[in-house]
Amino acid sequence: KAGVTQTPRYLIKTRGQQVTLSCSPISGHRSVSWYQQTPGQGLQFLFEYFSETQRNKGNFPGRFSGRQFSNSRSEMNVSTLELGDSALYLCASSSTGGLNTEAFFGQGTRLTVV
Amino acid sequence: QQQVKQSPQSLIVQKGGISIINCAYENTAFDYFPWYQQFPGKGPALLIAIRPDVSEKKEGRFTISFNKSAKQFSLHIMDSQPGDSATYFCAASYSGYSTLTFGKGTMLLVSP
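Here the protein sequences come in this chain order: A and B. Okay, so the first sequence: first residue is 3 according to the numbering used here, each after it adds one. Okay, so the second sequence: first residue is 79 according to the numbering used here, each after it adds one.
Some hints could be false.
Unchecked claim - Straight-line alpha carbon distances no greater than 20 Å define the calculated DMTMM-like cross-link-like pairs of lysine to aspartate or glutamate that follow: (1) B:Lys182 with B:Asp131; (2) B:Lys93 with B:Asp162; (3) B:Lys135 with A:Glu77; (4) B:Lys135 with B:Asp157; (5) A:Lys59 with A:Glu77; (6) B:Lys136 with A:Glu104; (7) B:Lys146 with B:Asp109; (8) B:Lys149 with B:Asp109; (9) B:Lys120 with A:Glu104.
In case anyone wonders, no lab produced these hints; they're calculated from the structure.
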């Protein structure tokens, strides 16, 4: 069974630009969550999508957005990039998000904003 | 507001020793407590998880101890090996939600 796939693995963007990251969950998983990982703040929840609907959202500004497609693949977008957005962005998939809350993470996308 | 507090930040253990990492949570609605292991350049990988209806869960060399009244849980790694050197994160979530609230992580180094 293929794991969670995130593309691209690395990105370098300039302040003010926007970026789109992609996540393909494990086959059959309908829940996709996004996390930001930085040395200072650790792993912070961004948002969760389930069956194309945003089900939960963390405490991040509106520049961070996402969506999920009918095949459960998800994208997240960050607009007007700031230096502080440099981080590892991780995607996690789980089957239903119910009692079985086991989440499987991808390898992440390393975003550097210069 | 940090809902899950993890300690220590870093830990050095000799090969064959016991590594102990502690976490404390504030929200009594949490009812699922996983531990993740992360190697450099990789995403976190689920190691072991526990629900509050049991006080201990063991899988191989890894054991979670859970104290519901104290709102604390800990990871014990028995017979620690150099290959266990990684960053460990505790987390918590509610049933019905995939959202994980993570501790800040513990960088474990097992010396040969």
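To see whether the hints hold, each was checked on the structure:
1. The hinted pair formed by B:Lys182 and B:Asp131 fails the criterion: a straight-line CA distance of about 25 Å is larger than 20 Å.
2. With a C-alpha separation of about 10 Å, the suggested pairing of B:Lys93 with B:Asp162 holds against the 20 Å cut-off.
3. The suggested pairing of B:Lys135 with A:Glu77 is violated, with an alpha-carbon distance near 36 Å, which exceeds 20 Å.
4. Between B:Lys135 and B:Asp157 the CA atoms are separated by roughly 17 Å; this keeps the pair inside 20 Å, and the hint holds.
5. The suggested pairing of A:Lys59 with A:Glu77 holds, with an alpha-carbon distance near 15 Å, which does not exceed 20 Å.
6. Proximity of B:Lys136 to A:Glu104 is assessed by CA-CA distance (about 17 Å); at most 20 Å being required, the pair is judged to hold.
7. Restraint check for B:Lys146 and B:Asp109: the C-alpha separation of about 10 Å stays at or below 20 Å, so the hint holds.
8. For the proposed pair B:Lys149 and B:Asp109, the alpha carbon gap of about 11 Å is at most 20 Å, so the pair holds.
9. As the CA atoms of B:Lys120 and A:Glu104 are separated by approximately 18 Å, the hinted pair is consistent with the 20 Å bound.
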